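There are 4 protein chains.
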Amino acid sequence: MKIKHKDLVLLLSEDNKTYLLRVEEGKDFHSNRGIIKLDDTVGLEYGDSVSSSLDNKFILLEPTIEDRMMKVKRQTQIIYPKDASMILLKASIGAGSRVIETGLGSGALSIALANAVAPTGKLYTYERREDFIENARKNIEEAGLGDCVEYNLSDAKDGFKEEGVDAVMLDLPSPWDGIKSAYKALRGGGRLISLSPTVNQIEEAVDHLENEGFVFIETFETIQRHYLVRRGKTRPIDRIIGHTGFLTIARKANK
Amino acid sequence: MKIKHKDLVLLLSEDNKTYLLRVEEGKDFHSNRGIIKLDDTVGLEYGDSVSSSLDNKFILLEPTIEDRMMKVKRQTQIIYPKDASMILLKASIGAGSRVIETGLGSGALSIALANAVAPTGKLYTYERREDFIENARKNIEEAGLGDCVEYNLSDAKDGFKEEGVDAVMLDLPSPWDGIKSAYKALRGGGRLISLSPTVNQIEEAVDHLENEGFVFIETFETIQRHYLVRRGKTRPIDRIIGHTGFLTIARKANK
Amino acid sequence: MKIKHKDLVLLLSEDNKTYLLRVEEGKDFHSNRGIIKLDDTVGLEYGDSVSSSLDNKFILLEPTIEDRMMKVKRQTQIIYPKDASMILLKASIGAGSRVIETGLGSGALSIALANAVAPTGKLYTYERREDFIENARKNIEEAGLGDCVEYNLSDAKDGFKEEGVDAVMLDLPSPWDGIKSAYKALRGGGRLISLSPTVNQIEEAVDHLENEGFVFIETFETIQRHYLVRRGKTRPIDRIIGHTGFLTIARKANK
Amino acid sequence: MKIKHKDLVLLLSEDNKTYLLRVEEGKDFHSNRGIIKLDDTVGLEYGDSVSSSLDNKFILLEPTIEDRMMKVKRQTQIIYPKDASMILLKASIGAGSRVIETGLGSGALSIALANAVAPTGKLYTYERREDFIENARKNIEEAGLGDCVEYNLSDAKDGFKEEGVDAVMLDLPSPWDGIKSAYKALRGGGRLISLSPTVNQIEEAVDHLENEGFVFIETFETIQRHYLVRRGKTRPIDRIIGHTGFLTIARKANK
Numbered sequence: 022m023k024i025k026h027k028d029l030v031l032l033l034s035e036d037n038k039t040y041l042l043r044v045e046e047g048k049d050f051h052s053n054r055g056i057i058k059l060d061d062t063v064g065l066e067y068g069d070s071v072s073s074s075l076d077n078k079f080i081l082l083e084p085t086i087e088d089r090m091m092k093v094k095r096q097t098q099i100i101y102p103k104d105a106s107m108i109l110l111k112a113s114i115g116a117g118s119r120v121i122e123t124g125l126g127s128g129a130l131s132i133a134l135a136n137a138v139a140p141t142g143k144l145y146t147y148e149r150r151e152d153f154i155e156n157a158r159k160n161i162e163e164a165g166l167g168d169c170v171e172y173n174l175s176d177a178k179d180g181f182k183e184e185g186v187d188a189v190m191l192d193l194p195s196p197w198d199g200i201k202s203a204y205k206a207l208r209g210g211g212r213l214i215s216l217s218p219t220v221n222q223i224e225e226a227v228d229h230l231e232n233e234g235f236v237f238i239e240t241f242e243t244i245q246r247h248y249l250v251r252r253g254k255t256r257p258i259d260r261i262i263g264h265t266g267f268l269t270i271a272r273k274a275n276k
Numbered sequence: 022m023k024i025k026h027k028d029l030v031l032l033l034s035e036d037n038k039t040y041l042l043r044v045e046e047g048k049d050f051h052s053n054r055g056i057i058k059l060d061d062t063v064g065l066e067y068g069d070s071v072s073s074s075l076d077n078k079f080i081l082l083e084p085t086i087e088d089r090m091m092k093v094k095r096q097t098q099i100i101y102p103k104d105a106s107m108i109l110l111k112a113s114i115g116a117g118s119r120v121i122e123t124g125l126g127s128g129a130l131s132i133a134l135a136n137a138v139a140p141t142g143k144l145y146t147y148e149r150r151e152d153f154i155e156n157a158r159k160n161i162e163e164a165g166l167g168d169c170v171e172y173n174l175s176d177a178k179d180g181f182k183e184e185g186v187d188a189v190m191l192d193l194p195s196p197w198d199g200i201k202s203a204y205k206a207l208r209g210g211g212r213l214i215s216l217s218p219t220v221n222q223i224e225e226a227v228d229h230l231e232n233e234g235f236v237f238i239e240t241f242e243t244i245q246r247h248y249l250v251r252r253g254k255t256r257p258i259d260r261i262i263g264h265t266g267f268l269t270i271a272r273k274a275n276k
Numbered sequence: 022m023k024i025k026h027k028d029l030v031l032l033l034s035e036d037n038k039t040y041l042l043r044v045e046e047g048k049d050f051h052s053n054r055g056i057i058k059l060d061d062t063v064g065l066e067y068g069d070s071v072s073s074s075l076d077n078k079f080i081l082l083e084p085t086i087e088d089r090m091m092k093v094k095r096q097t098q099i100i101y102p103k104d105a106s107m108i109l110l111k112a113s114i115g116a117g118s119r120v121i122e123t124g125l126g127s128g129a130l131s132i133a134l135a136n137a138v139a140p141t142g143k144l145y146t147y148e149r150r151e152d153f154i155e156n157a158r159k160n161i162e163e164a165g166l167g168d169c170v171e172y173n174l175s176d177a178k179d180g181f182k183e184e185g186v187d188a189v190m191l192d193l194p195s196p197w198d199g200i201k202s203a204y205k206a207l208r209g210g211g212r213l214i215s216l217s218p219t220v221n222q223i224e225e226a227v228d229h230l231e232n233e234g235f236v237f238i239e240t241f242e243t244i245q246r247h248y249l250v251r252r253g254k255t256r257p258i259d260r261i262i263g264h265t266g267f268l269t270i271a272r273k274a275n276k
Numbered sequence: 022m023k024i025k026h027k028d029l030v031l032l033l034s035e036d037n038k039t040y041l042l043r044v045e046e047g048k049d050f051h052s053n054r055g056i057i058k059l060d061d062t063v064g065l066e067y068g069d070s071v072s073s074s075l076d077n078k079f080i081l082l083e084p085t086i087e088d089r090m091m092k093v094k095r096q097t098q099i100i101y102p103k104d105a106s107m108i109l110l111k112a113s114i115g116a117g118s119r120v121i122e123t124g125l126g127s128g129a130l131s132i133a134l135a136n137a138v139a140p141t142g143k144l145y146t147y148e149r150r151e152d153f154i155e156n157a158r159k160n161i162e163e164a165g166l167g168d169c170v171e172y173n174l175s176d177a178k179d180g181f182k183e184e185g186v187d188a189v190m191l192d193l194p195s196p197w198d199g200i201k202s203a204y205k206a207l208r209g210g211g212r213l214i215s216l217s218p219t220v221n222q223i224e225e226a227v228d229h230l231e232n233e234g235f236v237f238i239e240t241f242e243t244i245q246r247h248y249l250v251r252r253g254k255t256r257p258i259d260r261i262i263g264h265t266g267f268l269t270i271a272r273k274a275n276k
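Protein chains in written order, with the numbering used here: chain Y, 22 to 276; chain B, 22 to 276; chain C, 22 to 276; chain H, 22 to 276.
Careful: at least some of the hints might be erroneous.
The list treats identical chains as one, so a pair stands whether inside a single copy or across any two.
[Stated by the list, open to error] With a straight-line Cα cutoff of 30 Å, these simulated BS3-like cross-link-like pairs (lysine-lysine) come out:
{"hint": "1", "residue 1": "K78", "residue 2": "K205"}
{"hint": "2", "residue 1": "K25", "residue 2": "K143"}
{"hint": "3", "residue 1": "K48", "residue 2": "K205"}
{"hint": "4", "residue 1": "K48", "residue 2": "K38"}
{"hint": "5", "residue 1": "K48", "residue 2": "K143"}
{"hint": "6", "residue 1": "K27", "residue 2": "K205"}
{"hint": "7", "residue 1": "K143", "residue 2": "K276"}
{"hint": "8", "residue 1": "K58", "residue 2": "K92"}
{"hint": "9", "residue 1": "K205", "residue 2": "K94"}
In short, the hints are calculated from the structure, not lab data. All figures in this text were calculated on a predicted structure; none of them were measured in a lab.
When you get a sec, could you build the whole thing from the sequences and use the hints?
Below is the structure:
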C-alpha cells in the first residue's frame, strides 16, 4: 500500500516528535530539523524513512485514530483518547452503529465515533455554536472521516430528529438538558454516555437518569499513567493529567 | 428489533445483578429471585421487562461487548475492558483490520478484537495450549463473534503465518519471544501491543522492541475508579482494582 | 534496652504476620504456629527472636505508632496511617502542641496525635457516645499513650472548653457542626482539619470555613499504592484501598 | 503570643500566595501587591492582618513544618511533605528519637525530621558534597531547627559514627551503599527507610535488605490528589505530581 498524493501521513522525527500532514502535490514540510519535499514520500510505504534538507531522518507512519484525535485544531478542550476508548467500548459502538453526539466541541471524539461506526453506520452531531461546527467539520474531514457524519445546528434541549439510535453521547455543561431528548431518540437497551468535569454534574445527571427510566447506571473516571522505560532506570513519568472528567453510562429501559 | 430464539440477552435484576444468556427454546432461567421461561422473552424488545415466578422484574438488555467479555468462562486471568479499549484505540483496530493475537487466554480480549475487525477483517489467534483454545473458542462463539477468528495451536516463537497485518497483540509471559515474529508479520507502520503485569517484563520488552526496529514506543497503565453517586452522598468507591498490567505500544519502522 | 514485663512487643512470624501484645507475667501467646511463653522474652532486646513450641521463629519488634494504630479494637472505621500522617504534618502538630479531636471513633488517630504532642502537649477529645470513649480510652492506654489525653462526653456543636489551641481535628458526619466551636477554640493561625468520605461534605464544610473566617483552605486525598518487590517480578499489588476520605485543612484568621 | 523581631512569619496574600520571611528590624517586604514594613507586624498575633503600601491585605500566619519544607532554597529535588509525613509515621520518629539521614539534599526532609525529634532527640546527617551541606544547613537554621542537627561530610558507604539509633533514612542513588552501614548503626528493631525514584533501585535495595537481615520490608508510593472545592463546581485539580519516589521501609532483626 504505497503512499500517494492526498494521503495522510504522520512524520516521526528522531527526537520522537510527530507531525500529521496531508501529502499535497508540490508542497514542502518545514521544521527546525529541515525541509521535506512531500512529493518525495509518494511511492514509499508506511514505515519507510525520508531525509530532510538538514539530513535528519523522518519515519512515515500511518496515522492512528488517536493521532488524528490529538492533532485536531482545538477551539475547545478535547475529549482524550483514554476517555474516548472507554466510551466506544462501554456503549458498544461498532461498525453500523447509529450514534448521536452533542456538543460537538472540536470534533476529536467525533473522529473516534465516526471511525467506529464506518462505513455503514452514522454519527449525528448536534451543536448550537456554528463556529464550533465549522471547525469540527474541518477537523473531521481532514481526518478522512467526513462521510458518515451529519451536522445539526441545534440545542440538545430541543430534541433530536433521529429515532431508535444505538447510543447518545452527551458532552454538555448541563447534561440533564439532553437526557429527555436522548431517551426519546434511543432504542430500548440503547446506551447514554455523559462526560462531565465536576462531581456536581454527575450527581445531578444520575438523578435525572434514574427519574427518566435509565438503568444500570455507572460512573467512573479513567486515569492513565505513563512510564519512562529505560534499562535500569524505569519509573512513572513525573507529570500526569490529573483529571479530565467523569464518565456516566446508562441504558434505556422501556416504559 | 424483536428478541427471538438464539439471541443473547442480558438480564438485569432489581438489585442490579446481570446474567448473560442465550434464549434457548423451552429453557428456563433460574435465580434466587425466581424462574423466567425464556420463551416468554421472544417477541419482546431490548429494554422491555419480564416478571419471574417470584414476581421479580428483570429488564432485558442487549449485551454490550463489555458484557460479553466479562461473562466468559475463565480458565485464565482475563484482559479487562479498561485495557482492551486502549488496545483498540492505540492500535487503531477497526472494521477490516487484520490482527494477530497471542496468547489467547480465555478469549475475552479476542471478543473485543473480533468485534472491532468484523465483518470484513480477521483475527488470527496463536496459543500453545489446546485446552485454552477450546475454552476460548467456545467463549468467542457464544459471544456471537466466531466468524472472523482463526485459531492456531502454536507458539509465538515459531512465527506467524500471516504477512502485512495491521496489528499484533502479545499477551505472553516473555513478550520478547513474540517480537521478532511480530516484526515479520506486520506491515510497515503496523502496531505491536504488549500487556505485562511486571515492570521487569516491560523493561525487557522495550529493549527488544528498540533493537528490532520498532519506534514511537510508549508504556502506560490505565486505572479506573468508580464512584458511588447518590444525591448528597457521592464518593469514590472503597474498592478498586489496583493493578492489571502495563501496556506497551510500538510501531514498525521498515529496515 | 531490654524487654521487661508490661512492655508492648510486636511479634513477627515467618509468614510475615504481626501480633501486638503486652508481656504479662506468666502469660502465653497462642497461634497456629505454636505457643510462646511471654516470660521467655524478658531480658531479650527488640530485634531478637524466640522459638515457639512448634519450633517456629518469631522476631520481637518494637511497635511503631502505625502498629499501635492498626491494632486497636475497632468499634468504628478507623483513620488510616496515610491520612493520620498528613494530618500531623499539615497541621504542624508536634511535641507540646495542644490539640482538640472530635469525634473520637476507636482512638486510632488519637494514638498518633497523643504520641506527637507528648510529653508536654495535650490532646483534648470530644465524643458524644460513651461506649466509643470507653473503647477508645482502652485502646489509647493499651498503646501506652494515656497520659496526655483528656476525654469529654460532649458534642462538638456545644463548644470546646479549651482556648488558644494549636489545632482542631474534626471527624464528624456534619463537620460544619464543629466549625464555629473550632474557630473559638483555636488561636490565630491555628489549623483546622476535617476528614470526610463524601464530596458533598467537603463542599459544605469549605463553604462554612470560608464564611467563618478560615483561610488558605486546601482539600486533597491521599492514595497509597503498595508494590510486590521481587527480583525480576516487581509490580504494583492487585488490591488497593480505593478511598478513605478527603482531608480539608484551613487556618484561622483573626476577625 | 505576639510576633516579635526575628520571628518567622508566613504572609498570605489575597490571591492565596504565601511568602515565608523573618521579621528583621527595619526591613521591608516587597511584592507586586505593595510593600510591608516588617516592623509593623511586631506586636501583632498570628492570624492578624497588615495592609501593604498599595492597600492590599496580607494575613500573618504561623509557618507550619510543611511551609518551612516547601520554602527551602533548593539545590536539589526535595522530598515532598506527602513522603516526609509517611517517613515519620512509618519509622515512628518522635520526640527524643535519634535518627541518621543521608544524603542531605537541600535539607527539606531534615526540617521535618529535626522538628519531630526535637527537643531531646538528634538528627545526624551525612552528605558527601560540601556545597549541599552548606545550603541545607542554612535552610535548616533558617527554619529554626538547627539545634538538634549534626553534619558529617562523608559518604554512607564509609559508615556512620553513631550506634543504637532509632531510624536511618537513605536518599541515595545507590541506596544499597548505605544498607550495611545502616544495619550497624541501628538498634534491634530500628527502622530503615529508603526513597528512590526508579523501580530498579527498589528491587536492588530490597534484595540487599533481605540479605543483610532486615525484616517486615514494605514498599509503596504515595499519591496526593488535590480538589478544587467550590459550591456546585467541585472537581479534582487538573495537574498532579505524577511521581516522586517509592518508599521502602524495613526493620532490623538481630543476627
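Practice task
Pop the pair K78 and K205 into one bin, within, between, both or neither, using alpha-carbon distances up to 30 Å.
Solution key: between (54 Å within a copy, 23 Å between copies)
Practice task
First find the shortest C-alpha distance between K27 and K205 inside one copy, then the shortest across copies, and answer within, between, both or neither for a cut-off of 30 Å.
Solution key: between (41 Å within a copy, 28 Å between copies)
Problem - Homo-oligomer pair classification [K94, K205; C-alpha up to 30 Å] - result: neither (33 Å within a copy, 36 Å between copies)
Problem - Within, between, both or neither: K48, K143 at alpha-carbon 30 Å - result: Close neither inside one copy (34 Å) nor across copies (37 Å); limit 30 Å.
Problem - 30 Å Cα threshold - placement of K92 relative to K58 - result: within (21 Å within a copy, 52 Å between copies)
Problem - Alpha-carbon proximity between K48 and K38, which holds within one copy, between copies, both or neither at 30 Å - result: within (20 Å within a copy, 50 Å between copies)
Problem - K143 and K276: within-copy, between-copy, both or neither at 30 Å Cα - result: within (26 Å within a copy, 40 Å between copies)
Handout entry: Intra/inter-copy verdict for K48 and K205 if alpha-carbon distance must be at most 30 Å
Key = neither (49 Å within a copy, 33 Å between copies)
Practice task
Pop the pair K25 and K143 into one bin, within, between, both or neither, using alpha-carbon distances up to 30 Å.
Solution key: Both. Shortest intra-copy (28 Å) and inter-copy (26 Å) distances satisfy the 30 Å Cα cut-off.
Hint violations for this structure: numbers 3, 5, 9, all remaining hints satisfied.
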